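Given next are the chains, with one letter for each unit.
Number of protein chains: 2
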Amino acid sequence: MNRIYNFSAGPSMLPLPVLEKAAAELVCYGESGMSVMEMSHRSPDYEAIIQDAEAMLRRLMNIPDNYKVLFLQGGASTQFAAVPMNLIKRTGKADYAVSGQFSGKAFKEAQKLGYDVKCIATTKEDNFDHVPTITKDMIRPDAAYLHICFNNTIYGTKYPEIPDTGDVPLVADLSSCIISEPVDVSRFGVIYAGAQKNMAPAGLTLVIVREDLLDYAEEKIPTMLEWKTMAENGSMYNTPPCYTIYMAKLVYEWILSIGGLDVMKEMNVKKAALLYDYLDSQDYYIAPVKKESRSMMNVTFVTGDADLDKKFASEAGKAGLKNLKGHRSVGGMRASIYNAMPYEGVEALVAFMKDFAAKNPKN
Amino acid sequence: MNRIYNFSAGPSMLPLPVLEKAAAELVCYGESGMSVMEMSHRSPDYEAIIQDAEAMLRRLMNIPDNYKVLFLQGGASTQFAAVPMNLIKRTGKADYAVSGQFSGKAFKEAQKLGYDVKCIATTKEDNFDHVPTITKDMIRPDAAYLHICFNNTIYGTKYPEIPDTGDVPLVADLSSCIISEPVDVSRFGVIYAGAQKNMAPAGLTLVIVREDLLDYAEEKIPTMLEWKTMAENGSMYNTPPCYTIYMAKLVYEWILSIGGLDVMKEMNVKKAALLYDYLDSQDYYIAPVKKESRSMMNVTFVTGDADLDKKFASEAGKAGLKNLKGHRSVGGMRASIYNAMPYEGVEALVAFMKDFAAKNPKN
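So the sequences go chain by chain: W and E. Using my numbering, read the first sequence as starting at 110 and increasing by one per residue. Using my numbering, read the second sequence as starting at 110 and increasing by one per residue.
Hint data in this document are derived by calculation from the structure and do not stem from the laboratory. The model shown is predicted, which means the values in this text are computed figures rather than measured ones. Any given hint could turn out to be false.
Stated by the list, open to error - Below, in silico cross-link-like pairs of lysine-lysine (BS3-like), each with a Cα-Cα straight-line distance of 30 Å or less:
{"no.": "1", "chain 1": "E", "residue 1": "Lys337", "chain 2": "W", "residue 2": "Lys130"}
{"no.": "2", "chain 1": "W", "residue 1": "Lys221", "chain 2": "E", "residue 2": "Lys227"}
{"no.": "3", "chain 1": "W", "residue 1": "Lys198", "chain 2": "W", "residue 2": "Lys374"}
{"no.": "4", "chain 1": "W", "residue 1": "Lys198", "chain 2": "E", "residue 2": "Lys214"}
{"no.": "5", "chain 1": "W", "residue 1": "Lys337", "chain 2": "E", "residue 2": "Lys130"}
{"no.": "6", "chain 1": "E", "residue 1": "Lys329", "chain 2": "W", "residue 2": "Lys221"}
{"no.": "7", "chain 1": "E", "residue 1": "Lys130", "chain 2": "W", "residue 2": "Lys427"}
To be verified - Sample of chain W residues with no beta-carbon within 12 Å of chain E, all distances over it, derived:
{"no.": "8", "residue": "Asn175"}
{"no.": "9", "residue": "Lys202"}
{"no.": "10", "residue": "Arg296"}
{"no.": "11", "residue": "Leu313"}
{"no.": "12", "residue": "Glu328"}
{"no.": "13", "residue": "Val459"}
For each residue, glycine too, the CB sits at the ideal point set by N, CA and C.
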């Protein structure tokens, strides 16, 4: 068993103690006589698991009492449709900021569904090398919400601050930065996130929604997309993705055990600094993202030579540093250094980068 | 580690060799250096897994080439909306047979979404103690499809034969009987099933759809509910529930290893016969379902005394026979004896039933 450093953007690394615990209790969970995978979602054993998961997440993120926590399926992509379907009736129109591929998809989905939506800001013309600056006056005061993607996995950018949207609820996709650092939940109307980057295996979608926003769903919304139905049924309107929720619980437990999100942030800041400081100290690799928009989770860089980029990803893979190839739509390299990536993984990456640069001089 | 017999209706037992294999390779899969849970869904290692899963299922169910196999999220409940949204444009109206709670929910969801749907048959007035007889002349010739639930988990009923729907495509929820016996896929337009009863942990939904039915989706269907989008992207329009698909693959592999669905059916017939033969041989317990509608997977029975029923479920649980309580909406007892329930489990149940009857005479 030779574990490698996996820089995948998602699904991605999980903490080794979490995997080991899951393996140890996979066949038989505690005194239950069965696997968590086999438990009725209505059984006391399982109810304890999902309740613990929610309680731990609330503690971890300091989620205010007037927010519901939903454990859903379908990925952030399903929320691209669910967001307007659940909120549009608030005022009839909604605003979007487009800072990369996924926020673009969210905007297009709302358009496809026929809603009155407006893109109020985008950095597309700059190839998304930074996030747009959003000020209150840019947002339509009668927008049902402003939608943003807080951390852009593909481009490696992140909003340096939570935009001030005034009275307009802020709806944010946090898929690739959730529980990487403390965040003031009360600044958001809705937070959603696919679990497969920083929280659990793929197949779980987290929605955190302010209670007063549960009353604006379309009549013709598919029941399974309606947050209110899910909230009223404690995420158990139908069978939830039970095992993946259990895995999320183990991850929350692990973060709490090391000191919560303050400590997690400290560790993530240190890892990201190691990599960005190296990038800033040399000129073999170029970090395309503007400094104020840099993501702490996804670090993108290029050599400036597509063939060298390819060689880099391939040789890094052979050296046990996997999945460093950038997203197929942008090329170059991307190191996703989520919570579960150890500091040693980033050290190994920087050492490899130095070695590669020395051995592969540019013309 | 003391595994018990788990008669849960879903999530439910998984084959022990499958759980043991999953546990053994949970932390590190083969030479990959990572868990399957951590693999990028775009990586060669994972692509091999999902392709194997589909190939094995095709072999197991003998799925014709003109059917697409989709690995989705959201449960059968999401398909209650997806079915009309994907098919209604074929003719503009659709027919439903209501044989229990889930087929009733499917019908109501289509109504809620505003479609022209008709219930052509129901056995509600008989408390769903049998399935309706469906003949071709009952179906509107211009229906986009006829929807049925093939096996009714809650009531313990099943259609004895696939209804002949003529030229109208048959759409069937097979959640609680999929891969329990061979079935002629070519008789269906669409088969769908939540995985958590006979196939995998919760969080995976299987859709098998005839290719010519992929062109009738509504314009305003959420992209994630559109079968065609999923088919064109090999179930990877977004990140699929990777680990649950891997678990399904292990289950398919296990069934193939013991001889495929013919052998599986033989085993299931034998298990169900043991229980039904006992029920028919005595008069302490009553099996409410009419013989020709009996399910091979979910066996319901009552003592006729609610207090005794309660005592039965409670004492059985203490004896290591768990989750025998009937669905909260119907009461009594239900033994779900899916593929993974060993013959010995049903033997133990029958022995317990005899013992309980002897010790608890009715007044």
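Evaluation of the provided hints:
1. Lys337(E) x Lys130(W): Answer violated: Lys337(E) to Lys130(W) is near 39 Å, above 30 Å.
2. Lys221(W) x Lys227(E): holds, 29 Å
3. Lys198(W) x Lys374(W): The hint is violated at about 37 Å.
4. Lys198(W) x Lys214(E): holds, 25 Å
5. Lys337(W) x Lys130(E): Distance of about 39 Å is beyond 30 Å: violated.
6. Lys329(E) x Lys221(W): holds, 6 Å
7. Lys130(E) x Lys427(W): Distance of about 27 Å is within 30 Å: holds.
8. Asn175: Holds: least Cβ distance 27 Å, greater than 12 Å.
9. Lys202: The claim holds: Lys202(W) sits with its nearest Cβ about 17 Å from chain E, beyond 12 Å.
10. Arg296: holds, 27 Å
11. Leu313: violated, 8 Å
12. Glu328: violated, 8 Å
13. Val459: holds, 20 Å
In terms of the numbered hints stated before, the structure departs from hints 1, 3, 5, 11, 12, listed from lowest to highest.
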